[in-house]
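Participant: Sequence:
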Amino acid sequence: MKRTFFSPKKLEDYENVAMLYTMEQKDNEAFTEASPTWWDAPTMWSAGYVKSTAKDMLSFGSQLIESKATILNADSLKQLTTQHVQIEPDLYYGYGIMIRTDFFGRRTLEHAGGIKGVSAQLTVLPGEKTAGVCLTNIAGAPASSVLESALKVTFGESPETPAVTYEDVELSNESKQFMLGNYKANEGQSLEIVEKDNKMFIVVEDQEVPARMVGEQMLAVHMYGWNI
Numbered sequence: 001m002k003r004t005f006f007s008p009k010k011l012e013d014y015e016n017v018a019m020l021y022t023m024e025q026k027d028n029e030a031f032t033e034a035s036p037t038w039w040d041a042p043t044m045w046s047a048g049y050v051k052s053t054a055k056d057m058l059s060f061g062s063q064l065i066e067s068k069a070t071i072l073n074a075d076s077l078k079q080l081t082t083q084h085v086q087i088e089p090d091l092y093y094g095y096g097i098m099i100r101t102d103f104f105g106r107r108t109l110e111h112a113g114g115i116k117g118v119s120a121q122l123t124v125l126p127g128e129k130t131a132g133v134c135l136t137n138i139a140g141a142p143a144s145s146v147l148e149s150a151l152k153v154t155f156g157e158s159p160e161t162p163a164v165t166y167e168d169v170e171l172s173n174e175s176k177q178f179m180l181g182n183y184k185a186n187e188g189q190s191l192e193i194v195e196k197d198n199k200m201f202i203v204v205e206d207q208e209v210p211a212r213m214v215g216e217q218m219l220a221v222h223m224y225g226w227n228i
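Under the working numbering, think of the first position of the sequence shown as 1, with each following residue one higher.
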């Protein structure tokens, strides 16, 4: 980083500062709107709440490729990338890192980020000695899908081929009722899961989005032009 400062006031001294945008959806159509004010996010304070660059993120990615204890000690690095909790088929939570065991036969270490005006994705394939990062100034943008498509092309796969597919399943009424309710993240995001006419929907920012039932406590939706 060639320009480092701690006060947003300093931004006024520069012209080439990106505007913040947010992704909105209406009538199943996605569009962007300028949204210039930063959100505060207390849950991020402990990590330093640093705005980084693609180059610096790739430098961190190289730590995960080489598994060398230069920034982190060896024990921390091991804990960071160990599969602790399974959260989806073929997706596990480490400590701050998501681990996918079969990205077209390859293991990935991933971390996504999002806040007002930011969508980001870092993906590292240690076995391929490859790291990629996608940073955007649009909240809700499909940064992970963009980077995933680039990695598919890099390894000879079609960008249209899904890395993971989910078949629809029929859930019991008890299972569906268990998922209903409001969910709120400590970073401020919130959504509601509702049922109408025996179908599941996710309500985000007053938009009702159809959801597919793909497993126990698992829903899949198509939002902002990408699958979640």
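Derived from the structure by calculation, the hints contain no laboratory data. It is possible that some hints are incorrect.
What the hints assert, rightly or not - Restricting the straight-line Cα-Cα distance to at most 20 Å, the calculated cross-link-like pairs of lysine-lysine (PhoX-like) are: (1) Lys129 - Lys152; (2) Lys129 - Lys26; (3) Lys129 - Lys55; (4) Lys196 - Lys176; (5) Lys55 - Lys9; (6) Lys116 - Lys196; (7) Lys129 - Lys51; (8) Lys10 - Lys51.
Participant: The structure should be examined with respect to each hint, and the outcome stated for every one.
Facilitator: These are the hints, each one checked on the structure:
The hinted pair formed by Lys129 and Lys152 meets the criterion: a straight-line CA distance of about 15 Å does not exceed 20 Å. For the hint linking Lys129 to Lys26, the alpha-carbon distance of about 41 Å lies beyond 20 Å, and the restraint is violated. Straight-line distance between C-alpha atoms of Lys129 and Lys55 comes to about 16 Å, which keeps the hinted pair within the 20 Å bound. Straight-line distance between C-alpha atoms of Lys196 and Lys176 comes to about 11 Å, which keeps the hinted pair within the 20 Å bound.
Distance check on the hinted pair: Lys55 and Lys9 sit about 24 Å apart at the alpha-carbon level, beyond 20 Å; violated. A hinted pair counts as satisfied when its Cα atoms are at most 20 Å apart, and Lys116 with Lys196 does not qualify at roughly 30 Å. A distance of roughly 25 Å separates the Cα atoms of Lys129 and Lys51; the hinted pair therefore is violated under the 20 Å criterion. For the given pair, Lys10 sits about 14 Å from Lys51 by alpha-carbon distance, which is consistent with the 20 Å threshold.
When each numbered hint is compared with the structure, violations occur for hints 2, 5, 6, 7.
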